[in-house]
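Residue strings, one per chain:
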Amino acid sequence: MHPIAGFGSILEEVATASTGANDHREVGQEAMAAVLSSDQSALEAEVSAAIVRCAAGESSALRVIYDLEAARMVGVAIRILRRRDLAEEATHDAFMRIWRSARSYDPSRGSARAWIFTIVRNQALTILRDEGRFGTDEPADGDLPEPDSALSRLPESSALRHCLEQLDTGRRNAIVLAYVHGFSHGELAGRLGMPLGTIKSWIRRGLVSLQECLG
Amino acid sequence: MTPDRDDGIHAAEFVLGLLDPDTHAAAERRLSSDLGFAREVAAWRTHFAAFDDTADPVMPPEQLWRRIEAGMGTAVPTPPETPHGLLPRLWNSLGALRIAALSGVIATLALAVVTTVTVRHAQEVAARKPVYVAILVDDATRQAGAIVNAFANGRVEMIPLVDITVPAGRSLQVWTLWNREVGPRSVGLLDRARATSLDLERLPTTAADQLFEITLEPSGGSPTGRPTGPILYKGTTARTL
Numbered sequence: 098m099h100p101i102a103g104f105g106s107i108l109e110e111v112a113t114a115s116t117g118a119n120d121h122r123e124v125g126q127e128a129m130a131a132v133l134s135s136d137q138s139a140l141e142a143e144v145s146a147a148i149v150r151c152a153a154g155e156s157s158a159l160r161v162i163y164d165l166e167a168a169r170m171v172g173v174a175i176r177i178l179r180r181r182d183l184a185e186e187a188t189h190d191a192f193m194r195i196w197r198s199a200r201s202y203d204p205s206r207g208s209a210r211a212w213i214f215t216i217v218r219n220q221a222l223t224i225l226r227d228e229g230r231f232g233t234d235e236p237a238d239g240d241l242p243e244p245d246s247a248l249s250r251l252p253e254s255s256a257l258r259h260c261l262e263q264l265d266t267g268r269r270n271a272i273v274l275a276y277v278h279g280f281s282h283g284e285l286a287g288r289l290g291m292p293l294g295t296i297k298s299w300i301r302r303g304l305v306s307l308q309e310c311l312g
Numbered sequence: 023m024t025p026d027r028d029d030g031i032h033a034a035e036f037v038l039g040l041l042d043p044d045t046h047a048a049a050e051r052r053l054s055s056d057l058g059f060a061r062e063v064a065a066w067r068t069h070f071a072a073f074d075d076t077a078d079p080v081m082p083p084e085q086l087w088r089r090i091e092a093g094m095g096t097a098v099p100t101p102p103e104t105p106h107g108l109l110p111r112l113w114n115s116l117g118a119l120r121i122a123a124l125s126g127v128i129a130t131l132a133l134a135v136v137t138t139v140t141v142r143h144a145q146e147v148a149a150r151k152p153v154y155v156a157i158l159v160d161d162a163t164r165q166a167g168a169i170v171n172a173f174a175n176g177r178v179e180m181i182p183l184v185d186i187t188v189p190a191g192r193s194l195q196v197w198t199l200w201n202r203e204v205g206p207r208s209v210g211l212l213d214r215a216r217a218t219s220l221d222l223e224r225l226p227t228t229a230a231d232q233l234f235e236i237t238l239e240p241s242g243g244s245p246t247g248r249p250t251g252p253i254l255y256k257g258t259t260a261r262t263l
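Residue numbers (the numbering used here), protein chains in the order written: chain A, 98 to 312; chain B, 23 to 263.
If you're looking for bench data, these hints aren't it; they were derived computationally from the structure.
No experiment lies behind these values; they were computed from the predicted model shown.
A few of these clues could be false.
[What the hints assert, rightly or not] Computed footprint of chain A on chain B; a stretch qualifies when at least three of its residues, placed anywhere within it, have a C-beta under 8 angstroms from a C-beta of chain A: (1) 36-45; (2) 81-93; (3) 125-133; (4) 173-183.
[Claimed, not checked] Here are the computed lysine to aspartate or glutamate pairs in the DMTMM-like style, where the Cα-Cα straight-line distance is at most 25 angstroms: (5) A:Lys297 <-> A:Glu284; (6) A:Lys297 <-> B:Glu50; (7) A:Lys297 <-> A:Asp245; (8) A:Lys297 <-> A:Glu309; (9) B:Lys151 <-> B:Asp221; (10) A:Lys297 <-> A:Asp265; (11) A:Lys297 <-> B:Asp28; (12) A:Lys297 <-> B:Asp29; (13) A:Lys297 <-> B:Asp221; (14) A:Lys297 <-> A:Glu228; (15) A:Lys297 <-> B:Asp42.
Ideal Cβ placement from N, Cα and C applies to all residues, glycine included.
If we strip away everything but chain A, and leave its shape as in the complex, we get:
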């Protein structure tokens, strides 16, 4: 049996249908919503409903989130920790936290998926800062992450991508490496071969431009 399409996906279909030929500015928010695939909005609704059920103490709902997102969460953590065992550890810690804090999830303060990915990123960053990036398992320099690879995977229509591409290369790279790979100011200075003060100023100026561009 097919699940019945929710209002969200129906709205998107309407928006998609009406953006075809006409003035794009008229459609505004709905056109932006249409950019998201209906798969993604369905995923968001499922995760969001599962968090609400976790808050009610339904343990099966945590498994729903696990089935939907655990692999992606490990993937996000691996980019930061670069070790699969540690990434799984971060994902474990994240699920413990999701379970315990489900009641504090507030849909009015951002999406459900952003909430759980914030949690796994924070757990990964905690492990990273505890373990120290430059331990014995540090891969050779050639394996260092490339900021452009994550950027090029953002959808063409993404506002974040568009705005990051407006920035100077150094500022852009510093911001992408910080978010995607969890680099600290000090690690960015080492990686990009610039003084710490310069890195801090690149980030701040980059964020100011980004804020203006993203509105």
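Fit chain B to the known structure of chain A by using the hints.
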């Protein structure tokens, strides 16, 4: 740099994870007391979340789930003397007890509905039986959460089948969609799951395949007039025989 803009940059550095541990902890505490700052943080998180979907999925071993499950405390704690046999096992299974309790509630509700219809409206069953019925289902669990009945005289009612948990500061909002061009319309707002009449007087007569949906919204209803929260239950109307 204006203080506002400074705050926005501070929020972004917090989201990126660039603040030192003490400043990070202070920013974390500020989230619950400073609504403006919390909004800045939410906006940055939403923007940067686009990057999360660019990570390659890496399937964790099933063992990871077993560890999570054990940590949740849902693994049934071993009692001093483990009872054997089906009945003691069922009695000790929280899941089984919940299902039993829920079945009881649903049966009682169903019986109440049946009894009400039988006793109060026996003579006018033909006139009063709903023309359309929608069963609202949770998409993930396939569990029925509520029924919507539409009657010939235009009256529409919703009867919940489960006790929907509504967190503090939230409301349940009922929506219907009969026309995709017009979009969903709010037809009811509840602070808790209870049987209620839906306000469809200003809408066209309920028809077959009309979508009804219950979402979780901020207290007082969606601020945008459109569904914004998670969809709890949804279903479309079917004509009764």
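Evaluation of the provided hints:
For the region 36-45 of chain B, the proposed coverage by chain A is satisfied: 5 residues have a C-beta within less than 8 angstroms of a C-beta in that chain, meeting the threshold of three. Residues of the region 81-93 of chain B lying with their CB closer than 8 angstroms to a CB of chain A number 9, which satisfies the three-residue condition for coverage. Counting residues of the region 125-133 of chain B whose beta carbon lies closer than 8 angstroms to any beta carbon of chain A gives 0, which falls below the threshold of three, so the coverage claim is violated. A count of 0 residues in the region 173-183 of chain B with a Cβ less than 8 angstroms from any Cβ of chain A is obtained; the coverage claim is therefore unmet, three being the minimum.
For the suggested pair Lys297 (chain A) and Glu284 (chain A), the alpha carbons sit about 12 angstroms apart, so the restraint of at most 25 angstroms is met. For the hint linking Lys297 (chain A) to Glu50 (chain B), the alpha-carbon distance of about 21 angstroms falls within 25 angstroms, and the restraint holds. Pair hint Lys297 (chain A) plus Asp245 (chain A) holds up; C-alpha atoms about 20 angstroms apart against a cutoff of 25 angstroms. A threshold of 25 angstroms between alpha carbons decides the hint, and for Lys297 (chain A) with Glu309 (chain A) the separation of about 19 angstroms falls inside it, so the pair holds.
For a cut-off of 25 angstroms, the pair hint linking Lys151 (chain B) to Asp221 (chain B) stands: about 19 angstroms separates their Cα positions. Distance restraint check for Lys297 (chain A) and Asp265 (chain A): the Cα-Cα separation of roughly 14 angstroms lies within the 25 angstroms cut-off, and the hinted pair is therefore satisfied. Only pairs whose Cα atoms come within 25 angstroms are accepted, and Lys297 (chain A) paired with Asp28 (chain B) is accepted, the gap being roughly 14 angstroms. Taken as a hint, the Lys297 (chain A) and Asp29 (chain B) pair is honoured in the structure, with Cα atoms around 16 angstroms apart against an allowance of 25 angstroms.
A hinted pair counts as satisfied when its Cα atoms are at most 25 angstroms apart, and Lys297 (chain A) with Asp221 (chain B) does not qualify at roughly 56 angstroms. Restraint check for Lys297 (chain A) and Glu228 (chain A): satisfied, since their Cα atoms lie roughly 23 angstroms apart, inside the 25 angstroms limit. A hinted pair counts as satisfied when its Cα atoms are at most 25 angstroms apart, and Lys297 (chain A) with Asp42 (chain B) qualifies at roughly 13 angstroms.
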